[in-house]
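Participant: As a plain string of letters, each chain reads:
2 protein chains.
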Amino acid sequence: MAKQTPRTLSGFMELLPAPQQQLEHMMEILRRTYSLYGFTPLDTPVIEASEVLLAKGGGETEKQIYRFQKGGADLSLRFDLTVPLAKYVALHYSDLTFPFRRYQIGKVYRGERAQRGRFREFYQADIDIIGDGKLSIVNEAEIPAIIYKTFSALGLRRFRIRVNNRKILNGFYACLNLTDRAGDIMRTVDKLDKIGPEKVQAILTEEFAVSPEDAGEILRFIAISGENEAVLTALETYRGRNEIFDQGLEELKTVVRYLSDFGIPTENFAVDLTIARGLDYYTGTVYETVLLDHPEIGSVCSGGRYDNLAEYYTDKQLPGVGISIGLTRLFYVLGEQGMLNPKLPTAPADVLILPMTEDLSPAIALATRLRENGIRTQLHCENKKFKQKIGYADKLGVPYVIFLGENEINAGIVACKDMSTGEQTKLEADATIYRIRAGLDARRDGAVILE
Amino acid sequence: MAKQTPRTLSGFMELLPAPQQQLEHMMEILRRTYSLYGFTPLDTPVIEASEVLLAKGGGETEKQIYRFQKGGADLSLRFDLTVPLAKYVALHYSDLTFPFRRYQIGKVYRGERAQRGRFREFYQADIDIIGDGKLSIVNEAEIPAIIYKTFSALGLRRFRIRVNNRKILNGFYACLNLTDRAGDIMRTVDKLDKIGPEKVQAILTEEFAVSPEDAGEILRFIAISGENEAVLTALETYRGRNEIFDQGLEELKTVVRYLSDFGIPTENFAVDLTIARGLDYYTGTVYETVLLDHPEIGSVCSGGRYDNLAEYYTDKQLPGVGISIGLTRLFYVLGEQGMLNPKLPTAPADVLILPMTEDLSPAIALATRLRENGIRTQLHCENKKFKQKIGYADKLGVPYVIFLGENEINAGIVACKDMSTGEQTKLEADATIYRIRAGLDARRDGAVILE
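So the protein lines, in turn, are chains A and B.
Per numbering that gives the first Met the number 0, numbering through the first sequence is continuous, rising by one, with the last residue being 450.
Per numbering that gives the first Met the number 0, numbering through the second sequence is continuous, rising by one, with the last residue being 450.
Which copy is meant is left open, so a pair is good if it fits within one copy or across any two.
Dumping the calculated DSSO-like pairs for lysine-lysine here, alpha-carbon to alpha-carbon at most 30 Å:
{"#": "1", "residue 1": "LYS2", "residue 2": "LYS133"}
{"#": "2", "residue 1": "LYS383", "residue 2": "LYS252"}
{"#": "3", "residue 1": "LYS388", "residue 2": "LYS425"}
{"#": "4", "residue 1": "LYS394", "residue 2": "LYS133"}
{"#": "5", "residue 1": "LYS315", "residue 2": "LYS388"}
{"#": "6", "residue 1": "LYS388", "residue 2": "LYS133"}
{"#": "7", "residue 1": "LYS252", "residue 2": "LYS388"}
{"#": "8", "residue 1": "LYS133", "residue 2": "LYS416"}
For the record, the hints were derived by calculation from the structure and aren't laboratory data.
Build out the structure end to end from the sequences listed, making use of the hints.
Facilitator: This is the structure in structure tokens:
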């Protein structure tokens, strides 16, 4: 028979079993952490009607989207989890209870030009809190706690959550009568880290006709940095000139005020006046998260406050705040950087049982008993040599191998080999189970990510 | 602004938060159970190259598939998890260790005609064990154990795993010189439960030119039923006439022999000579699972042994055995039948904290402490009346509400209301946490499915 060459499309991540286990660990940690903060899991279709998904229309989105016809219907694959959430909340509004907190970890699709580390199918892990009409600033203050808890649970310590408030920026640019160019200016300022202040100043004055005085004013403003309290004190000197600015400053102070109550160490948090996170969507607090030793990765968790989640679907005012982790890209980059803990177990089983008798009853009964004790167990009954079977456990990294021969069965004991130490015990089944469980607990006592 | 009416495509399941939690519970149970038996999680792309996905080609599949062009490439959405597995194993053959045990819970797509209870996007939950060249019969004997454990963990007791062996059927029909019509005959016999033996006999003789004697022989054969041992004894009387039959009988005896060692109660298992599960794929043991009180649902978990997983991609002989649960459909039917346990918690949080003071520090610190103790906690800081906040907990089914006013803060205690009993305690934080955890454990002590 002629064969079809098997292949996976470029830009689509398909992992081998061991790295897949690492990704599953990460997803499990995200699910658990998000749940701790009262977010409910949601799952929306991957396919939506094109006119629904593209209600906002325009831009890069439409070019990248996977769009097609089926049975006369115009369909598209979701390109993020926010638009489907907006649709969901508008559609099910009367069945939901607000504030509505949901998390969603799901695949999204963008037909970008294929390049290393860029994916066309990738997981996003989003949380959003949606209010009906209003939403307390405390929700915005809580978001850094969730980011902190998530990344610490993954094993990271050297990361920083950078926070700004769009009202502060908008108010500041309004004071300078630069509201019409605020978008261009923020985009330029956003490059400060990369191109330096001189270049920023040059672009502002040459490309966007900002006066040298205003450009200087802008550079002085975004240079405000340091400890949270110092930044807030510096910002106080701008108070009283613009109502929106003052409101933004109050909000930022609330966010900073509750940091320690939310359990966020000060070294993991910084007010950063340079970040803006896009232009037309966010209206209050905005967030970025950077790995301190890997700034080149960019932000690994971003988001912010918005006033109007579902304006394309409903007249209802639905303000919210949310963050998103680009999980597939994060996982890829961590792998590239060698930051995925190789010691964390990735084997499909905790124990491999090698029956050494023709009658398999004792081996199967033992497997059943181990499983009843929550131990992931595989029977190896293939017609292979002993050495090959040991090699199987070795290759997969199965931590324990149990041999069950006539002698062991007659003596009512189990021979169990710890594959990492080579130590072999001959104990009763209960004692063996106890030993395996203790060993597994110790092995699992590691984080997914290593710094 | 003109609004786009929000809608979800018909044939696409989109759940409200409470049922979504129930589905998540089910998925979590599937993941845990599959893991106990040494299966590793796998995740393959939803989109594949059409020529890869349709390598086998033909039939209903091609009509139902979501297929489209993007950037000059001919793409399709996967319609099951088996073809992507075949591609995966052929593509990554040299990186895998055999026997290779994987589970995958993922969405698949079929553009079927929309009708009640039929879905175009639905979850399948599959396990497969793939051998390299050979695969021991013990794997086939283990599958019913996994089915049993899965459905018991979901809360079911009144179900039965029906098992047959294709070699027995093929051998039997070969004895009657009916191999050329075996497919048609099996399809007809498969309807026995629905149309009765007379109709089966009529179809066999009239449509497929089976002689009345042979038709009688077939009906006597498929009427063999009863306790496992009785069926095996009856089958023994056919031994010696056909090699394939004898081989199938040996395999079936092995499967039955180890049932109790695998922990499968006899009432949950039956040899059933009428089932065949499709025609050209399975070659050994085949499985169906029926709910005894809901036979109209049909099989909720099916599969079998096959000789050649990836024949369209590779010359390698890759035999395997696998089963699949149509999770979305199962979930839908359970809901329709009122079999989803309404008592299992579906709230997004275990505790709702209502701060009664302007300074939110104590409330936030308490939330942080509860979360550190693994209690899913939400702060309710919106500007609403007390009654509305209680109503919020009530609507979502949040089991505990904590009030934190000046008095409690000053006294170092916490007022906590059990929303189901109305009982309110005023205890220190630690004692409150202890009480909440005990209460949560008791609440979680229920199954997802009720019979």
